[in-house]
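Read left to right, the sequence shown gives residues -17 to -1, 1 to 157 (mature numbering (1 follows the signal peptide of the UniProt record, and there is no 0)).
Just so you know, the hints here were simulated from the structure itself, not pulled from any lab data.
Hints are supplied without guarantee of correctness; some may be wrong.
As the list claims (entries may be wrong) - Okay, the calculated beta carbon distance ranges per label pair:
1) P87 x A43: 34 to 40 Å
2) S132 x N64: 26 to 32 Å
3) G125 x S46: 35 to 41 Å
Note that the structure is a prediction, hence the values are computed from the model and not measured.
All residues carry an ideal CB built from backbone N, CA and C; glycine is no exception.
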Amino acid sequence: MHILIPSLFLFPALCLASLLDNREAEPCAPTSYTITNFHYTAGPSGAPAQIVFDFQSAYANTSFIDDPALAGAVCNATAANGEIPNETECSTGRANLIFDLRAPQQNADFQIPHSWHCNGQQWQSSTHHKIDPLDCSTDAAGTLTCGSSTNVFVPEDVRRVCAHPECWPGGKRS
């Protein structure tokens, strides 16, 4: 009986703490990610391949967000041997947005790690996204071309990763 009484108080306290933590993350969490102008081109086996797309993050309130992806970023990977590398950095001016392939490159199935600053703290997400719809065709020379116009999706695994002033590039908020 004595063991049950502390448990009755502990469970609601843990639930409340979880709710408060989620509310704290909401203003710092992106509301959506958008990929536009997705293009994948690959020649026959061993020929060059390229993936290129535009990426943009969105937030409910941007007044305390420092994220170069807000203005948009170009993600572009080219491989002379036809094998697109993982951990390709997108052009934000800061190493805060990369994409990894989760399946064969022609499937357009990605893991997208993204980081930003909010209220002096560093945040990160790691989002799985598969481009859909994906329209592909192969020409007479064997070149595969795939494209998609706009994909909007919700960021996943959003979390604060650093709360110290050293989180900012150069130790100061820019």
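Evaluated hints:
As the Cβ distance of P87 to A43 is approximately 36 Å, the hint placing it in 34 to 40 Å holds. Distance hint check for S132 and N64: the Cβ-Cβ separation is about 29 Å, which falls inside the suggested range of 26 to 32 Å. Distance hint check for G125 and S46: the Cβ-Cβ separation is about 51 Å, which falls outside the suggested range of 35 to 41 Å.
The structure shown violates just one earlier hint, number 3.
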